[in-house]
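As a plain string of letters, each chain reads:
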Amino acid sequence: MRTLKVVLLGFGVIGQGFAETLLNKESFLAKRGMDLKVVAIGERDGCMVNEDGVDLKEALKLRKEGKPLNSSKDWKKVSSSEVLGLVEADVAVEVVPSNIKTGQPGVSLIKEALKNGMHAVSSDKCAMAADFVELKKLAESKNKMLLYEGSAGGAMPLMCLVRECMQINEIVSVKGILNGTTNYILTKMHYGNMDLETALREAQELGYAEADPTYDVEGIDAAAKIVILANDIMGMKKTFKDVKVTGITGITKQAVQLAKKNGYVIKLIAEINGEGLSVGPKLVPANSTLNVSGSLNALMFETDVAKDLTVVGRGAGRIETQSAIFSDLINIAKCQQQ
Amino acid sequence: MQDCKLVARLEDKPGELSKILDIVARNKGNLFSIAHLREKSKDNKVPVVVKFQGTEQTFKDITADMKKAEVEITEKSFGSLEESNLLRDFILIGHVIDTDLRDTIYSLCGQGAMIKALDFSIQGLKHPSSVFVEVVANNSSSMEKTMAEMKKITKKKELLMIEQLE
Numbered sequence: 001m002r003t004l005k006v007v008l009l010g011f012g013v014i015g016q017g018f019a020e021t022l023l024n025k026e027s028f029l030a031k032r033g034m035d036l037k038v039v040a041i042g043e044r045d046g047c048m049v050n051e052d053g054v055d056l057k058e059a060l061k062l063r064k065e066g067k068p069l070n071s072s073k074d075w076k077k078v079s080s081s082e083v084l085g086l087v088e089a090d091v092a093v094e095v096v097p098s099n100i101k102t103g104q105p106g107v108s109l110i111k112e113a114l115k116n117g118m119h120a121v122s123s124d125k126c127a128m129a130a131d132f133v134e135l136k137k138l139a140e141s142k143n144k145m146l147l148y149e150g151s152a153g154g155a156m157p158l159m160c161l162v163r164e165c166m167q168i169n170e171i172v173s174v175k176g177i178l179n180g181t182t183n184y185i186l187t188k189m190h191y192g193n194m195d196l197e198t199a200l201r202e203a204q205e206l207g208y209a210e211a212d213p214t215y216d217v218e219g220i221d222a223a224a225k226i227v228i229l230a231n232d233i234m235g236m237k238k239t240f241k242d243v244k245v246t247g248i249t250g251i252t253k254q255a256v257q258l259a260k261k262n263g264y265v266i267k268l269i270a271e272i273n274g275e276g277l278s279v280g281p282k283l284v285p286a287n288s289t290l291n292v293s294g295s296l297n298a299l300m301f302e303t304d305v306a307k308d309l310t311v312v313g314r315g316a317g318r319i320e321t322q323s324a325i326f327s328d329l330i331n332i333a334k335c336q337q338q
Numbered sequence: 001m002q003d004c005k006l007v008a009r010l011e012d013k014p015g016e017l018s019k020i021l022d023i024v025a026r027n028k029g030n031l032f033s034i035a036h037l038r039e040k041s042k043d044n045k046v047p048v049v050v051k052f053q054g055t056e057q058t059f060k061d062i063t064a065d066m067k068k069a070e071v072e073i074t075e076k077s078f079g080s081l082e083e084s085n086l087l088r089d090f091i092l093i094g095h096v097i098d099t100d101l102r103d104t105i106y107s108l109c110g111q112g113a114m115i116k117a118l119d120f121s122i123q124g125l126k127h128p129s130s131v132f133v134e135v136v137a138n139n140s141s142s143m144e145k146t147m148a149e150m151k152k153i154t155k156k157k158e159l160l161m162i163e164q165l166e
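Note that the protein sequences, when read in sequence, are chains U and P.
Counted from 1, the first sequence has number 229 at position 229 by my numbering; the numbering is strictly sequential.
Counted from 1, the second sequence has number 89 at position 89 by my numbering; the numbering is strictly sequential.
In case anyone wonders, no lab produced these hints; they're calculated from the structure.
Please note that a few of the clues may not be correct.
Here are some chain U residues pointing at chain P (derived, C-beta under 10 Å) [stated by the list, open to error]: (1) 72; (2) 250; (3) 252; (4) 256; (5) 259; (6) 263; (7) 264; (8) 273; (9) 282.
In the BS3-like style, the derived pairs of lysine-lysine whose C-alpha atoms are separated by at most 30 Å in a straight line are [unchecked claim]: (10) 5/P x 241/U; (11) 260/U x 142/U; (12) 238/U x 5/P; (13) 238/U x 151/P; (14) 244/U x 152/P; (15) 5/P x 51/P; (16) 28/P x 261/U; (17) 155/P x 76/P; (18) 116/P x 253/U; (19) 155/P x 101/U; (20) 241/U x 156/P; (21) 155/P x 260/U; (22) 137/U x 244/U.
Glycine residues also receive a C-beta, built at the ideal position from the N, C-alpha and C atoms.
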């Protein structure tokens, strides 16, 4: 059995989802000859470190009880960046929330992991969008894998789909819904005849929207994701500044109903086409495959051979995102075995 | 195979239509639409729009045979039917009425397109209005010019324009 030693950077919503999924899937992975062992969990003020494997159940229990991880026997007062130089591991899983403009601390952590000879897996859209080209270049120079399927599209297989299953295709354009919060709000406005404020409040009460929904409703979240897709799928060298962004804050209940009356739905569409990268509200025909409801995401590839191909799924979520993260990890494990 | 269109002026008497349909069939044109424009009849002649599919050679042969049969053709197009009736929808949100809607419409029509439909939702002068607009143009160049002009106007008048996804 191949053991893959992992440093988990971040123990927030996604980090805890990772630990839960790993515990739930331990025997599933073992049957496939894989043993993933978390040897360190990096947090803001220190790390849990154990070369034989951090007790994930204990870490989750502490979080559930609202206690800091520093009450664990494995706690060490070292920074996440430092722990990457202290432990021996195969791969770093970076799931910290980073700043959209600077990409920090995610960018530094991924670089540190690569410099210390680890592969890296990230679901951190801010880090990947902020410094995509440099991070890829560094990974290449270190002969390490850097995979980030979960950073754009959550559970939807997008980049790996193009990489593994669409090699013969030239991608002409990419368009779709990459933010579940705004899709939930616009769906409520469409079917529930709500105004934006009411739909947003409901999304916040249900946990679909943050207390500060700016990143979502202003289109920033979708913009970061479309940058990653443009760079990965279409080989561009774009950053957030290259995206023309319009959010949904100007959308009125009346406009949504007018669209409905005329056979359309209004959706926040992220797009890569001949004109560049954009995020903004668009009239989508009601019978389009991109007309997905609630917090679902959908992305359509326009290609020369396969023609139009649409992927629909959950673009975020504590457990759902693990589908992408573990897919990346298993790919790394398989490559190491070869 | 391409879409082809001919507009022929036919005398308003029996047998005239079958004359041109025979020509299309004889040259293996795949006829899919025929329409009399009776409202445009003049000098006892009625314009008839004939649409069919065929190769470039088929199109040439059909127009040549019609000429031989002394059919008056006033319009012909090969491979450009899709451009003959371009439609584009969008919604404007903001103070659309306050910022002179008439001026907005006139500016649009000046670019070669026409407004086919307008649908309003007005909530009083203090609140932003929403207007659904359907524009029709007979070629993509006019449509692009119209949409570019619309974008300029919306910027100037601080309106939000929601375009149709292409």
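Going down the list of hints, with the structure as the test:
1. 72: violated, 51 Å
2. 250: holds, 4 Å
3. 252: This hint holds: residue 252/U lies near chain P, its Cβ roughly 6 Å from the closest one there, short of 10 Å.
4. 256: Hint holds; residue 256/U Cβ to chain P Cβ min 9 Å, cut 10 Å.
5. 259: The hint holds - residue 259/U has a Cβ within 10 Å of chain P, the shortest such distance being about 6 Å.
6. 263: holds, 9 Å
7. 264: holds, 7 Å
8. 273: holds, 8 Å
9. 282: Nearest chain P Cβ about 4 Å off; hint holds.
10. 5/P x 241/U: Roughly 47 Å between the alpha carbons, so the hint for residue 5/P and residue 241/U is violated.
11. 260/U x 142/U: violated, 53 Å
12. 238/U x 5/P: violated, 45 Å
13. 238/U x 151/P: Cα-Cα ~24 Å, so holds.
14. 244/U x 152/P: Judged against 30 Å, a Cα distance of about 16 Å means the pair holds.
15. 5/P x 51/P: holds, 5 Å
16. 28/P x 261/U: violated, 43 Å
17. 155/P x 76/P: violated, 39 Å
18. 116/P x 253/U: holds, 24 Å
19. 155/P x 101/U: holds, 26 Å
20. 241/U x 156/P: holds, 23 Å
21. 155/P x 260/U: It holds: about 25 Å lies between the C-alpha atoms, which stays within 30 Å.
22. 137/U x 244/U: holds, 26 Å
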